[in-house]
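Trainee: Using the hints, put the two standalone chains together into the complex.
Residue numbers (the working numbering), protein chains in the order written: chain A, 1 to 106; chain B, 107 to 225.
In silico BS3-like pairs for lysine-lysine, Cα to Cα no more than 25 Å straight-line:
no., chain 1, residue 1, chain 2, residue 2
1, A, Lys102, B, Lys149
2, B, Lys149, A, Lys44
3, A, Lys18, A, Lys52
4, B, Lys171, B, Lys149
5, A, Lys44, A, Lys18
6, A, Lys44, A, Lys102
7, A, Lys38, A, Lys52
8, A, Lys44, A, Lys106
9, B, Lys149, A, Lys38
10, A, Lys106, A, Lys18
11, B, Lys149, A, Lys106
12, B, Lys125, B, Lys149
No lab work stands behind these hints, which were simulated from the structure alone. None of the values given here were measured: they were computed from a predicted structure.
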Amino acid sequence: EIVLTQSPTTMAASPGEKVTITCRASSSVSYMHWYQQKPGASPKPWIYDTSKLASGVPNRFSGSGSGTSYSLTISSMETEDTATYYCQQWSSNSRTFGGGTKLELK
Amino acid sequence: EVQLVESGGGLVQPGRSLKLSCVASGFTFSNYGMNWIRQAPGKGLEWVAYISSGSSYIYYAETVKGRFTISRDNAKNTRYLQMTSLRSEDTALYYCARYGGYGGPLDYWGQGVMVTVSS
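Chain B extracted, bound-state conformation (with noise of 0.2 Å):
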């Protein structure tokens, strides 16, 4: 079975970091690309970052680019978000989920977790 588990959200000053984990199972991890989404409260979903299964190709949503970096570590079945310079906007529960490839959709969605950015 699929599963994709965050972790490392929480509460955190305007302008100070944090350190996003997603832990894969159920499939061979280095074979897919992985994103991250995020959901704002009470609003829709956003694209925030991919990075490809073998870390050539990554790409950020304007939004972030230049304070966000996505990396990978094949090895242990993650996937990280390394978040600085974070913003009250930042606030919203952020999803993991699997690029299924060739095009096609996000195939399988880790549960959330929850980064509030506030002092």
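Next comes chain A alone, as it looks inside the complex (with noise of 0.2 Å):
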């Protein structure tokens, strides 16, 4: 089974602010997909195949990455960003998640 490990897991930036997730993975993975998920909410797909927006998330967001090494990256912080971001992968019988970002407003 392969283990996505997030770094950081908890984060604050302040508006306007560069944000960089990364998502290590244990084997390397053909892509990345990440999703975002609000307190008392459901998860939402939020780039997939590792730098693919999904419908409607802002241009500021962007992934890269291949490998061993994804990342999620914010342009410039903005408020409704506060969210928690998960990193996952599919692996031929299985499918993880990484231990998510907290990402929090400074």
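Mentor: Next comes the structure, spelled out in structure tokens:
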């Protein structure tokens, strides 16, 4: 089973600040998906196939990576971006999530 | 509009069983694989089980293998999760989520149903 490790687990950013969340896989994977979850709500697909933005996601978000290292970047933090972000991948017979990164407003 | 609605949760004693349902609407249910994902209170997401569109492929997380069974009834647009030998660590909000296919993301999620395992 591939283990996904996200860092940091919690962070705070000021409005306008650039934010980068990292997801490291225990073995090489072909792509990564990201989800955003706000308190009391179901997760939403946010970035898929490593770098494609889901419908309605602002273009200040971007995704990149390959092999065992992937990242989600916010070019300029906004209030509405406060949430927990999870990375996720598929392997042959399992699906795994990272532990999540809680992003707060400073 | 795609909708996934879970039901069947509740309070159950350790060692007992419970069956969750997820009713889908707004898309051709038989064309999509479906998943169950859970989230313990204050914790992260944990994938639980997957069933392919035609039920040919079924996978489970190691934490539930042998205790949980995923199934689907395409005629009723419903997917099920039969949970047996429940443990306190199974306490969580259980989501059903649609698999978009081709290695893609879980593109639609239900609102979740709470399962509490306690004596």
